[in-house]
Structure formats: structure tokens, C-alpha cells
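The UniProt record's numbering puts the first residue of the sequence shown at 1, with every later residue one more than the last.
Hint data in this document are derived by calculation from the structure and do not stem from the laboratory. The reader is advised that the hints may include incorrect statements.
[To be verified] Below, in silico cross-link-like pairs of lysine to any residue (SDA-like), each with a Cα-Cα straight-line distance of 20 Å or less:
no.: 1; residue 1: Lys301; residue 2: Asp313
no.: 2; residue 1: Lys80; residue 2: Ser166
no.: 3; residue 1: Lys80; residue 2: Trp26
no.: 4; residue 1: Lys301; residue 2: Val329
no.: 5; residue 1: Lys240; residue 2: Ser171
no.: 6; residue 1: Lys136; residue 2: Gln103
no.: 7; residue 1: Lys136; residue 2: Thr116
no.: 8; residue 1: Lys80; residue 2: Ser137
no.: 9; residue 1: Lys283; residue 2: Tyr317
no.: 10; residue 1: Lys283; residue 2: Trp305
no.: 11; residue 1: Lys35; residue 2: Gly76
no.: 12; residue 1: Lys80; residue 2: Arg170
no.: 13; residue 1: Lys240; residue 2: Val253
no.: 14; residue 1: Lys301; residue 2: Met288
no.: 15; residue 1: Lys301; residue 2: Ala267
no.: 16; residue 1: Lys80; residue 2: Ala114
no.: 17; residue 1: Lys79; residue 2: Lys35
no.: 18; residue 1: Lys79; residue 2: Ser172
no.: 19; residue 1: Lys80; residue 2: Lys35
no.: 20; residue 1: Lys136; residue 2: Thr74
no.: 21; residue 1: Lys80; residue 2: Gln103
no.: 22; residue 1: Lys240; residue 2: Pro280
no.: 23; residue 1: Lys79; residue 2: Ser113
no.: 24; residue 1: Lys136; residue 2: Gly76
no.: 25; residue 1: Lys79; residue 2: Ala174
no.: 26; residue 1: Lys301; residue 2: Val290
no.: 27; residue 1: Lys240; residue 2: Gly76
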Amino acid sequence: MTDYRSFDRTQLISRYGQLTSPEQAWACMDMTRQKLIDMIHQHEPFEEQLRPHFPPNALLNRQRNEIGAEMPFTLGSEKKLYFCWEPDAIGAAAYLDVSRMDQRVWNIGEEISAGTMVLTVLATTPPLVMALETVKSLEGRTYDVRREATFAQPISLLDLEQLCDSGLPRSSQALNPQLAERVLNALTGLVENPRPLYLDAGACGVDSESEATATVHALALAQRHDSETDYCDGCQTNIKGRSTVHFFRDRHVDLHWDIQDHVDDAALLCADCHRLMHAPTLKHLQRMLVACPGCGARNPKEYFWGMPAFPPDEEEYVVGGCAIPNPPVPRYSCRNCELSFGEHPHWVSERLAD
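Working from the sequences, and respecting the hints, build out all of it.
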């Protein structure tokens, strides 16, 4: 049986079209990569002969943009377009859900008037155009806006610049009327005729993200509802927007896939669950399985009793000192709430002996 894990969606749809028909392959455009692989495996045992090669359309994104405004986008009379550049792409993406609009912290460096349209761009690599909104009212730094469009199917700022034949800023600022109209016209074109966006896969790490990984992370957050971004996909602990992204791509670090394929391959995890997925030793794995009885957080620090010859790693151990408390002697200290719990196995064995 062929291992299709390194295939992108273009290759998978083409293979499925060979096994079935072009019409059935078109019907599978909305499937994830894993579902396509499962369907191919179901049909392969019954393959008698390969059908003519089916070249699928290059458009592979399956998310649907939510458009509430009339198309084409236009400023209308005496309106302005404000270009909102979000350097904290992960933080901004977590608050792009419509139900969380009142919680968002805007990166707007000047006072803007009611009626101004705001184009939000995440400072990823490449930058992603994510939302178009109209300011209804403002009080101080609080903006009440109407969402005109959410671009869950990602639009690259580089494509937008190419279509409007002009460079765009990498900072928040108002655009002049002529440039603003060209930007909105180009944006309309990209909504009506989307372009695929390919990325090379970045390495999956617990404590740091590559540029490609951060881009996938931001898009995964923007595509989910706030109830999904608040909780870890693994342990379901409330992580309050502090997610990390983990990939299940096995050893394929340099895969050149459409960005949606990478999003399909990603899980949003708390740091503890992510460390569990990358646990390098049996000791790390065992500690990751320990949950604090107070708050439920995993991966506690371990107590080190006595006087060590060398200072232990402060990220992994808590020095309890030479004054050993009365049993039960705690084994762990929670990183989250600092509760001491568990019983050190050394004193457990002594008590059993008594």
C-alpha cells in the first residue's frame, strides 16, 4: 500500500481521479488530506486499470470567506481606508472571531473617525490579509466595528500588492484615496479569483516557532471559533489563547504544501501537551503524565531534597533544602499554582519497610 503522507492535495485529488472519475474527484475538493487518503485506500483494492490522468484545479483552499458587504469593495464618498498592520500576528488572530471583537486590542496609532474602513493584515511570512471592517463608533481606544469580510481563505499581501501595482506599508496608517481604491479593487479580485498559497513546512518545536510555523499557527487560530481556541486540543484545559501549534507530519519537515494542508495537519496544544508530544526521555514522559490535584496543570517541577553539589536546572527542579519535612515528603511542585503534592518514592519505600 502506497504511503501518501507526503503527498499534497493536488497529487491526492489527481490520484483519486485516476481511481474514480474527474467528476468524483471534483466532489472531493472540500475534503482534508487525511480523508482523501482514506478514500484512496478504499478504492485501490478494486483498481483494474488507471483512468486518464486528472489534473485538478490549482485552487486548493477549502475555507469559505464570510462576506457581508456588497461586492466589489469600494470606499464610497468621503470615506477612508486604514491599513492596520498587526505585528503580534498570533495575538491578533486569536481575537479575529466575530464574537470576540469587543476584546481585541487594535494596533492603531492615531485617532480614526466613524465610517473609516479598516483592513487588518497579520505580520506573518508572507503577511496575511484577514479582515475588512467599518468603524461604527469609538470611545477612547475602544472601537465598535461592523465586520464586512473575514478572509478565512487566506489572501497574501504580496498578491494584493501585485494586483494593485503598488507596495503597501508594514506599519499601521491611513492610505491615500487613490491607493485605497486600488487596494479594494485588488481585494475584490482576489476574493472572486483566489490564488493558492504554498509554504515550505517549518520544524515543529515546543519553545520556538519558525516563520512558516507562525503563519500556519495564525491562520489556524483565525479559522477557529473562540470556544475552540480557548481550549487545548489535547487535554481540553483552558489555555486562554496561549496555544502552541503541533504538526503530525512525521519526518517530512520540508514539505511544500498549500497552507491549508498545513493547517489541517496542525493541532493547537497547551505547552504541556506539546512537550508530551516531543518528550525526549522516559523521565520527561512520566512527568508529563502527572497532573496537579489543585489546578490540573501537567508537567510539574520535581523537588530536589538535600544539598546538591551543583545547582540543578531551575526549569525542571525545586530545591527543597536539607531540612526534610515530616512525611509525606512532596515530590512535585506545580508550575502553574505552585502547589506541592505527591509523595517522594524514597520516603514511600522507607515507610513500607517500617
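Here is how each hint holds up against the structure:
Restraint check for Lys301 and Asp313: the C-alpha separation of about 10 Å stays at or below 20 Å, so the hint holds. Under the criterion of a C-alpha separation no larger than 20 Å, the hint pairing Lys80 with Ser166 is consistent with the structure, at around 18 Å. For the suggested pair Lys80 and Trp26, the alpha carbons sit about 41 Å apart, so the restraint of at most 20 Å is broken. Of the supplied pair hints, the one linking Lys301 and Val329 holds, its CA atoms being roughly 14 Å apart against a limit of 20 Å.
For a cut-off of 20 Å, the pair hint linking Lys240 to Ser171 is broken: about 27 Å separates their Cα positions. Distance restraint check for Lys136 and Gln103: the Cα-Cα separation of roughly 16 Å lies within the 20 Å cut-off, and the hinted pair is therefore satisfied. For the hint pairing Lys136 with Thr116, the CA-to-CA distance comes to about 8 Å; that is within 20 Å, so the pair holds. Of the supplied pair hints, the one linking Lys80 and Ser137 holds, its CA atoms being roughly 14 Å apart against a limit of 20 Å.
Of the supplied pair hints, the one linking Lys283 and Tyr317 holds, its CA atoms being roughly 13 Å apart against a limit of 20 Å. Restraint check for Lys283 and Trp305: satisfied, since their Cα atoms lie roughly 18 Å apart, inside the 20 Å limit. Of the supplied pair hints, the one linking Lys35 and Gly76 is violated, its CA atoms being roughly 44 Å apart against a limit of 20 Å. About 18 Å separates the Cα atoms of Lys80 and Arg170, which keeps this hinted pair within 20 Å; it holds.
Under the criterion of a C-alpha separation no larger than 20 Å, the hint pairing Lys240 with Val253 is inconsistent with the structure, at around 29 Å. Among the hinted pairs, Lys301 with Met288 is consistent with the structure: their alpha-carbon atoms are about 10 Å apart, no more than 20 Å. For the hint linking Lys301 to Ala267, the alpha-carbon distance of about 25 Å lies beyond 20 Å, and the restraint is violated. Taken as a hint, the Lys80 and Ala114 pair is honoured in the structure, with Cα atoms around 10 Å apart against an allowance of 20 Å.
Between the alpha carbons of Lys79 and Lys35 the distance comes to roughly 46 Å, so the proposed pair goes past 20 Å and is violated. Between the alpha carbons of Lys79 and Ser172 the distance comes to roughly 17 Å, so the proposed pair stays at or under 20 Å and holds. Using a Cα cut-off of 20 Å, the hinted pair Lys80 and Lys35 is violated, with the two alpha carbons roughly 44 Å apart. Of the pairs offered as hints, the one joining Lys136 and Thr74 holds, with about 17 Å between alpha carbons and a cut-off of 20 Å not exceeded.
A distance of roughly 24 Å separates the Cα atoms of Lys80 and Gln103; the hinted pair therefore is violated under the 20 Å criterion. Simply put, Lys240 and Pro280 have alpha-carbon atoms about 27 Å apart, too far for the 20 Å limit, and the pair is violated. For the hint pairing Lys79 with Ser113, the CA-to-CA distance comes to about 9 Å; that is within 20 Å, so the pair holds. A hinted pair counts as satisfied when its Cα atoms are at most 20 Å apart, and Lys136 with Gly76 qualifies at roughly 15 Å.
Distance check on the hinted pair: Lys79 and Ala174 sit about 11 Å apart at the alpha-carbon level, within 20 Å; holds. For the hint pairing Lys301 with Val290, the CA-to-CA distance comes to about 10 Å; that is within 20 Å, so the pair holds. Proposed proximity of Lys240 and Gly76 is contradicted: the alpha carbons are some 39 Å apart, above 20 Å.
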